[in-house]
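First to last, the protein sequences are chains B and L.
To convert, note that position 76 of the first sequence is 76 in the working numbering; the numbers rise steadily by one, no gaps.
To convert, note that position 5 of the second sequence is 5 in the working numbering; the numbers rise steadily by one, no gaps.
These are computed hints drawn from the structure, not numbers from a lab.
Predicted model, so just to flag it, every value in this text is computed and none were measured.
The beta carbon of each residue, even a glycine, is placed where N, CA and C say it ideally should be.
Be careful, since some hints might not be right.
[As the list claims (entries may be wrong)] DSS-like, lysine-lysine: derived pairs with alpha carbons at most 30 Å apart:
no.: 1; chain 1: B; residue 1: Lys238; chain 2: B; residue 2: Lys251
no.: 2; chain 1: L; residue 1: Lys201; chain 2: B; residue 2: Lys109
no.: 3; chain 1: L; residue 1: Lys238; chain 2: B; residue 2: Lys251
no.: 4; chain 1: L; residue 1: Lys109; chain 2: B; residue 2: Lys197
no.: 5; chain 1: L; residue 1: Lys301; chain 2: L; residue 2: Lys238
[Claimed, not checked] Footprint (simulated), chain L over chain B, 3 or more residues, beta carbon under 8 Å:
no.: 6; segment: 220 to 232
no.: 7; segment: 285 to 295
[Said to hold, decoys possible] Some residues of chain B that are not near chain L, with every Cβ distance over 10 Å (derived):
no.: 8; residue: Lys88
no.: 9; residue: Lys96
no.: 10; residue: Ser141
no.: 11; residue: Glu163
no.: 12; residue: Phe176
no.: 13; residue: Asp195
no.: 14; residue: Tyr204
no.: 15; residue: Gln264
no.: 16; residue: Thr267
no.: 17; residue: Glu303
no.: 18; residue: Leu304
Number of protein chains: 2
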Amino acid sequence: MNRIIKTVSDEYKSTFDTFVKRNIEILGENLVGIYLHGSATLGCFKPNISDLDLIIVINSNISDQIMKLARRIKMQENKYDHPLFFEKYSQMERSKNGLAGAGEWETLKRILPEFQNKHVLDLGCGYGWHCIYAMEKGASSVIGVDLSQKMLEVAKQKTKFKEVKYICQSIEDVEFPSDSFDIIISSLVFHYIFDYKALIKKIYQMLKPGGELVFTVEHPIYTAHGSQDWCYNEAGEKAHFPLDHYFYEGKRETTFLGEKVLKQHRTLTTYLNTLILAGFTIQQVVEPVPSDNMLHDPEMKNELRRPMMLIVSAIK
Amino acid sequence: MNRIIKTVSDEYKSTFDTFVKRNIEILGENLVGIYLHGSATLGCFKPNISDLDLIIVINSNISDQIMKLARRIKMQENKYDHPLFFEKYSQMERSKNGLAGAGEWETLKRILPEFQNKHVLDLGCGYGWHCIYAMEKGASSVIGVDLSQKMLEVAKQKTKFKEVKYICQSIEDVEFPSDSFDIIISSLVFHYIFDYKALIKKIYQMLKPGGELVFTVEHPIYTAHGSQDWCYNEAGEKAHFPLDHYFYEGKRETTFLGEKVLKQHRTLTTYLNTLILAGFTIQQVVEPVPSDNMLHDPEMKNELRRPMMLIVSAIK
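Required output: the full structure, derived from the provided sequences and hints.
Below is the structure:
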């Protein structure tokens, strides 16, 4: 084995050594080298290691296998299965009130295609609200995929339709034959995905010709800066929302419900043109605003000051 | 004549009276009423009047005529024909060095369609750089429209191709038969246009089936706040770019080359979905970044921190 190992600085030496040791255990002779890299890549391995900005170079014939292994580690460690985080998430409006508690729902509902007699896949289904909705609208079958075991337990309790099947899996690992689905939906998940291009390519394959992909994602403007918080004036009021680092794609470590969460920032250009290059035709691009009946809440009214979400509808 | 006149407050009384008087002179018995309105509408009339946020209600059978008249006033008063502003504009990199001086050019060039044997319309052609480029790439004919007489004088001096025709007109007034053009381009003009939807509808009609529209516009993120300037830290460095008022579409009064300039802010949703609803298929949406050879300039490097421009390519 021809092993090449480099590291950034002494500061990281011991963390790095532990990391290498761990990977040698996992990869054995398949470890060809470990390279340092300027951008975020290892969010999918171990969050505390991701700070190192590493790329592991392995024999390509086992790379798929390794990525799956890495994602299984990620699943074991995913925030949504941490008891405290899960508890906090359960208390959010959108968790308690379902679709009606989500500011974007009225807009998303108008963009979603007809579900009647359709085969549907929901990537990152969480509590299964959209799966249930699709069934209520006459879908033939729905598969919901999520990496959180706890979320799926709740989803299963809520779901009365036997045509809905839940799978506990990282959405990057989803494998279905070509032309399996009429509709693929995904709500607020793609900004966690490291390899968006590979995922879109896979989604395109899994969709039937004329099939539709509708997804919501945190708006690139919202993920760019990293803080995901407003700038406040001296009186403590929200002065404006800060924008920075827009064209520097990659990981952003942000705080959600008091916990550190790792997201992937990418530009609008990347979100849209990746779809177009994969063969999709873009049907709608919408930045949702809360519905009128929510605007009495000052926090919801602030949502008119900057786009937080992007809804994209595309057809194969 | 049944005239209804209302005004906001005493503060604006005298300005308003002058405005009404002027409009009665122009419209005579066709003036049905003058209404106040919460959003920006009269940028196209007189900049100093636009602060009033008025809508003039006139007999619809003469509304086209009146809008043309209003735009003629706007043309007479347009900033680009003010000697001082024009002088400052002439000194900008993009004015002195043409396409090579424009940060977005390398990206735009890749997105522009093949010009060979094509009939081209350039809306807001300015110095005519894109008209000349289209001819160099083999276009059959090019029409450049701009409301600045001074810009067109320079364009005519620069242009050696007799197949290029320049017209001094507001781009909202452009009238050509259906299916007249293979390609319509527009560079950094649509954020000055009040009625984007009407313009896109007209462009769609003027394009042949399969014809392409490529335009650049100031990015909605760049126009939203209004200041179009960074927030600075105590050391005077650019801390971040401020974002606010995003979903409040309408006029923004900003400063460009030391002069007050009136722009129209609209969201990304509006820019893209108006095209889709008009019948276009979106081919590319790109936020350009300066080319590598420009990044030695710290100001250009700051362009990686927030998107300033949007390039859209759409096909009929």
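Evaluation of the provided hints:
no., hint, result
1, B:Lys238 with B:Lys251, "holds, 26 Å"
2, L:Lys201 with B:Lys109, "holds, 27 Å"
3, L:Lys238 with B:Lys251, "holds, 22 Å"
4, L:Lys109 with B:Lys197, "holds, 24 Å"
5, L:Lys301 with L:Lys238, "holds, 12 Å"
6, 220 to 232, "holds (count 4)"
7, 285 to 295, "holds (count 4)"
8, Lys88, "holds, 27 Å"
9, Lys96, "holds, 26 Å"
10, Ser141, "holds, 30 Å"
11, Glu163, "holds, 33 Å"
12, Phe176, "holds, 28 Å"
13, Asp195, "holds, 21 Å"
14, Tyr204, "holds, 17 Å"
15, Gln264, "holds, 17 Å"
16, Thr267, "violated, 6 Å"
17, Glu303, "violated, 8 Å"
18, Leu304, "violated, 4 Å"
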